[in-house]
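For reference, each letter of the sequence shown is one residue, going 470 to 875 in my numbering.
These are calculated hints, taken from the structure and not from any lab test. Accuracy of the hints is not assured; some may be wrong.
Stated by the list, open to error - Each computed SDA-like pair below joins lysine to any residue, with the alpha-carbon atoms no more than 20 Å apart: (1) K584 - A747; (2) K584 - D683; (3) K584 - R574.
Bear in mind that the values here come from a model prediction, so they are computed numbers and not experimental data.
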Amino acid sequence: MTATAATDLPLWPASTLDHGPFALLDEEQRHRLAGPVTRVRLPTGAPAWLVTRHADVRQVLRHPGFSADLERPGFPLLRPLPPQSESDRQGGFIRMDGEEHFRLRRMLTAEFMIKNVRRIEPLIQQTVDAALADLAAAGPPADLVETFALPVPSIVICHLLGVPYADHDFFQVRSRTLLDRTTSMELVRAHAQELRDYLRELVVARHRDAGGDDLISRLVRDRVATGQLTVDELVGMALLLLVAGHETTANMIGLSTLLLLREPGRFAALRESPHRAAELVEELLRYLSVVRTGLPRLALVDAEIGGQVIRAGEGVIAVLSLANRDPEVFDDPEEFDPYRQAHQHLAFGFGVHQCIGQPLARAELRIALVGLADRFPTLRAAVVPQQVSTRDTSVVFGLNSLQVTW
Numbered sequence: 470m471t472a473t474a475a476t477d478l479p480l481w482p483a484s485t486l487d488h489g490p491f492a493l494l495d496e497e498q499r500h501r502l503a504g505p506v507t508r509v510r511l512p513t514g515a516p517a518w519l520v521t522r523h524a525d526v527r528q529v530l531r532h533p534g535f536s537a538d539l540e541r542p543g544f545p546l547l548r549p550l551p552p553q554s555e556s557d558r559q560g561g562f563i564r565m566d567g568e569e570h571f572r573l574r575r576m577l578t579a580e581f582m583i584k585n586v587r588r589i590e591p592l593i594q595q596t597v598d599a600a601l602a603d604l605a606a607a608g609p610p611a612d613l614v615e616t617f618a619l620p621v622p623s624i625v626i627c628h629l630l631g632v633p634y635a636d637h638d639f640f641q642v643r644s645r646t647l648l649d650r651t652t653s654m655e656l657v658r659a660h661a662q663e664l665r666d667y668l669r670e671l672v673v674a675r676h677r678d679a680g681g682d683d684l685i686s687r688l689v690r691d692r693v694a695t696g697q698l699t700v701d702e703l704v705g706m707a708l709l710l711l712v713a714g715h716e717t718t719a720n721m722i723g724l725s726t727l728l729l730l731r732e733p734g735r736f737a738a739l740r741e742s743p744h745r746a747a748e749l750v751e752e753l754l755r756y757l758s759v760v761r762t763g764l765p766r767l768a769l770v771d772a773e774i775g776g777q778v779i780r781a782g783e784g785v786i787a788v789l790s791l792a793n794r795d796p797e798v799f800d801d802p803e804e805f806d807p808y809r810q811a812h813q814h815l816a817f818g819f820g821v822h823q824c825i826g827q828p829l830a831r832a833e834l835r836i837a838l839v840g841l842a843d844r845f846p847t848l849r850a851a852v853v854p855q856q857v858s859t860r861d862t863s864v865v866f867g868l869n870s871l872q873v874t875w
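Given only the sequences and the hints, what does the whole structure look like? Please build it.
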């Protein structure tokens, strides 16, 4: 796979991955890219293997011979990244392999277990209720993203981490900078450093007074003070949780609302049968799949994926969104079916790097949508889907805004 040969390959990701909020690819793109493992050209000009079938994506993500470490030579980057110092790399366990990854991840596993998330559901409900009151006061019409979808997961993750929500403008602006594929390397590095400096100040303050019950305080007491975790590692972990903890769920709430409002009766059914909300959430996660640019991996050994031999040193992009619309797994995958049993979806990834916060994300999405349906029985979009501004250049797809009325 030479650089010269790569110039003749189809480009991934395309300049616009999404054709409207819900169609992942047009027919021509699907014909070229969905299906068997195929070679593509990344925006950096490098070649890579594109993996889109459900079984193939699962195989890549659980295979120990595929690395998530973007510092390895030949790693398939979707955009150039600024050079990182050793301290910058600490704590970001989603980009680590093997024991280093496991050591950091297991420090957080208990925090996000289903039983612990259930314990904080009253907090989530309280946060949703307050945001619904703010939405009512703001409209109609009102921007559902700004007033409801973004504040709910932001407030919850701030509470869990011990980050002051009063600083939300600061970290939300910088989070979006880091996730936007068009951001310059200089700005990515500057905003990442500003976030690390901000979180480092919080960690240092917890060193002075670690009596709180938030996650950062507990990790300072139980891990940093005992030498199991360095300050740099804790800062990196907090940065990962802060960014991922609000961006993905906020975008899912906005997109889910727009999707449910396409057909009269969907919110009514949610209001009348809230016990079905958990099942509905799984189909929303499958159908919307907000991480649409794919998960990059580097082959460390030769491996056969979907009948194609991938050599050590070659890059792979595993596309969750297309795997979630694999007709071999889901009947009529292009159709949204609120009664579908969609539990095989890969919206949270698969294998050792599967999203650690998925129980929290599920709970937030379920409680937010049930609350929205109950509080605003006549809720409707104030714009048609084609007029909705989408975040096409972000690693996490979503809506910039959504005007709603009632």
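Hint by hint, here is what the structure shows:
no.	hint	verdict
1	K584 - A747	16 Å, holds
2	K584 - D683	17 Å, holds
3	K584 - R574	18 Å, holds
Hint violations for this structure: none, all hints satisfied.
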